[in-house]
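S.K.: What follows is each chain in one-letter form.
Protein chains: 2
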Amino acid sequence: MTALEQMGKNAKAAARRLAAAGVRKDKALLAMAQAIESGENEILSANAKDLKNAKESGMNEALLDRLTLNPGRIAGMAQGIRSVAAQSDPIGTVIGGGVRPNGLKIQHIRVPLGVIGIIYEARPNVTADAAALCLKAGNAVILRGGKEAISSNTCVAEIMRTAIEQAGLPKDSIQLVADTNRSSSVEMMQLTDYIDVLIPRGGKGLIQSVVQNSRVPVIETGSGNCHVYVDADADIDMAANIVFNAKTSRPSVCNAIETVLVHKDIAEQVLPAMKARLDEKQVELRGCERTRAILGDSVIPATEEDWATEYLDYIIAIKVVDNIDDAIEHIAKYSSGHSEAIITKSYESAQKFTAQVDSAAVYVNASTRFTDGGEFGMGAEIGISTQKLHARGPMGVNELTSTKFIINGSGQIR
Amino acid sequence: MTALEQMGKNAKAAARRLAAAGVRKDKALLAMAQAIESGENEILSANAKDLKNAKESGMNEALLDRLTLNPGRIAGMAQGIRSVAAQSDPIGTVIGGGVRPNGLKIQHIRVPLGVIGIIYEARPNVTADAAALCLKAGNAVILRGGKEAISSNTCVAEIMRTAIEQAGLPKDSIQLVADTNRSSSVEMMQLTDYIDVLIPRGGKGLIQSVVQNSRVPVIETGSGNCHVYVDADADIDMAANIVFNAKTSRPSVCNAIETVLVHKDIAEQVLPAMKARLDEKQVELRGCERTRAILGDSVIPATEEDWATEYLDYIIAIKVVDNIDDAIEHIAKYSSGHSEAIITKSYESAQKFTAQVDSAAVYVNASTRFTDGGEFGMGAEIGISTQKLHARGPMGVNELTSTKFIINGSGQIR
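Here the protein sequences line up with chains A and B, keeping their order. Using the working numbering, you'd call the opening residue of the first sequence number 1 and step up by one each time. Using the working numbering, you'd call the opening residue of the second sequence number 1 and step up by one each time.
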């Protein structure tokens, strides 16, 4: 039995106890939050080790920032765990059922998924977030973080394991894979006997590698080629304001937009207003011929590749379209199915866009940046699913559950 | 572009029209049912060709029976389609939502999955069943049946396609793969650009091959190593009756039981009563030592392998256990997570068993044979999921849907 198989076995055993743990899960979560706050110094010195190694290996500033913990971020981790504890427990919720003509009483109830594997990169706060959400839904979790954060992750995981055990639940509810070589994630992807679902969190490369190689069922998250379509009669200021927000408030995240589609009848008015806002942040514009005819040669000519690219940067593609149908067609062809918005005053356009655009979140007159578990009222999220099976869009605790049928009879046979 | 890629492309286009087809889907379904009845002679002569080939290649009686169509079975296919049409349309159903503090109005609604692939074996009635369920939920379907039934399947599919087109919906809502070589199912399993989910229907070999090789997300169906546990104070007659029904009413199906677990305190009374019933159908008994001590040497000694085997035949394994915990432990170790039942008069045992047994359907005092979409009130089923992701247990039209969020705003930015 390999180390990972042993972890899988321990996780299965822990998951069986968690399935019936009820309110003790919340006690364990509160204890975890408390322990993380008490362990601040310990966590900071573990994190300092990671940061030292990262600087020596020449990690860039953006990644260093993600890896860095400080007292504020540690308090945030604890607060995140408390907000998960405060949510209602999905386990045991009756979501359907009734009495059949033969007298069988059927209840369809929520149960935990079992054992969840999380493969992630260099953000140590994921260790606490993901563990808390999995635990709340009654699941054991096997965490496999990046090697850059191994010292921070190990420290946070050990603190949480101790707190769980003191709260009377199995410490193997949370386990961290010590081996951060590529082989350990490859082995996790084959561990169908022990892991019920794998959720990759991180960049496109990581996610695609897990989707393509895993035999354990995967929930695909996070890829977002998102669009705003400005309809013929949109409010010009609202359009410019939403495009500016959706592109620049945080360009590196999946719910930021990459392409704006503009109805030809409003292009001459809205494009200059939009450019004026985007220029505030020096956003690079790449446009179709009609866009360049209006905004001038400072706009770089857009290629086919631009429509398909998730820039995750201060770059935006702009296309003038003849009508809403062409906008919907463009989105169907290039979107990753994450989030799209229409800016319009037309009831008919709003109805058509929301009915025909097949993405996880479809907005009328609002920024795509709201696609987020917290913003949707889920309390916290484990990621944003861009697949159609099991869960789509932001995933909270409900999305970390399965269901079963309980049938009460009095001797019925068929 | 290969023939299958072209089919995938056609299916995607059809799926976009089906997503907004509303009540026209029901008109198309009723037209399909009518056309199948009118096409009886045509279908029977296509089926005769398949039967002739099958007999010449030496197909066994059981498989020949599955392949055979007759006027009654054709009427049954039409009736099945009508009962799917009569169900309520899941698409557009609002399953959650509300107003956020910033004024955003969120609706969480059901939408189709998109394009569903079905890989199945030699039962031509699946062609009609699966197509009707997928269409009802607004999905396009690509059917890939076994080579033994190709002539029947082609005939039924063409009749349905013509009927759909006459009802004003795209005929490519239903497509049948003409190539029945293994290579066509292998290609389907890689068609991630066009197929949203694959559902294999058939024997264990087929299902395992799809689960292991598919890059398209799969819903695993149909493997059932099911158990009845007879508790210390069970009603003897009820126990014998349910075990007899669950084993012998149709041993070849996934919701039939394979193993009986009996509490030691009731074994001396219940085992002879059970044996008397099972002897009526000459069921072969394979028991543990304690079972053999009670029932005698006519019971074959059970091995470790027996506990793990889905016989799908007139064979049953019997084990005497010390208590309910041992029964639950045995089920956790050997069950495929399909259906299990407890026979008991004890409130405490019923509560414990239904809470702790982690299977899709858990029964108290009823036969496991009820795990079925029709019996659960779903109208019809596409299969019985034995996985935990997306759907678990019998799958009806709701289980062939995904969801999306529609968000109505008034200029909100984040």
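Calculated from the structure, these hints are not laboratory results. Quantities reported herein were computed from a predicted structural model and do not represent experimental measurements. Take the hints with a grain of salt, since some may be wrong.
For identical chains, the list gives no copy identity; a pair is met inside one copy or between any two copies.
[To be verified] Taking lysine-lysine pairs in the PhoX-like style, the calculated list, with each CA pair at most 20 Å apart, reads:
hint, residue 1, residue 2
1, 333, 12
2, 12, 171
3, 264, 345
4, 352, 404
5, 12, 147
6, 105, 333
7, 352, 105
8, 204, 281
S.K.: Have a look at residue 333 and residue 12 and pick one of within, between, both or neither, based on CA distance no larger than 20 Å.
M.R.: Between copies only: 11 Å across, 42 Å inside.
S.K.: At most 20 Å between alpha carbons: which applies to residue 12 and residue 171, within, between, both or neither?
M.R.: The answer is within: 12 Å in one copy meets 20 Å, while 47 Å across copies does not.
S.K.: Give the relationship of residue 352 and residue 404 under a CA distance limit of 20 Å: within one copy only, between copies only, both, or neither.
M.R.: between (37 Å within a copy, 15 Å between copies)
S.K.: Checking an output row: residue 264 and residue 345, CA cutoff 20 Å. Within, between, both or neither?
M.R.: within (16 Å within a copy, 74 Å between copies)
S.K.: How would you label the pair residue 352, residue 105 (within, between, both, or neither) given a Cα cut-off of 20 Å?
M.R.: This pair counts as between: shortest inter-copy Cα distance 17 Å, intra-copy 42 Å.
S.K.: Measure nothing new, just compare the shortest in-copy and cross-copy C-alpha distances for residue 204 and residue 281 to 20 Å and report within, between, both or neither.
M.R.: Classified as neither: same-chain Cα gap 25 Å, cross-chain 59 Å, threshold 20 Å.
S.K.: Using 20 Å as the alpha carbon limit, work out where residue 105 and residue 333 are close: within a copy, between copies, both or neither.
M.R.: Neither, since 47 Å and 27 Å both go past 20 Å.
S.K.: Between residue 12 and residue 147, at a C-alpha cutoff of 20 Å, which is it: within one copy, between copies, both, or neither?
M.R.: Neither, since 25 Å and 41 Å both go past 20 Å.
When the structure is compared with the earlier hints, violations turn up for hints 5, 6, 8 and for no others.
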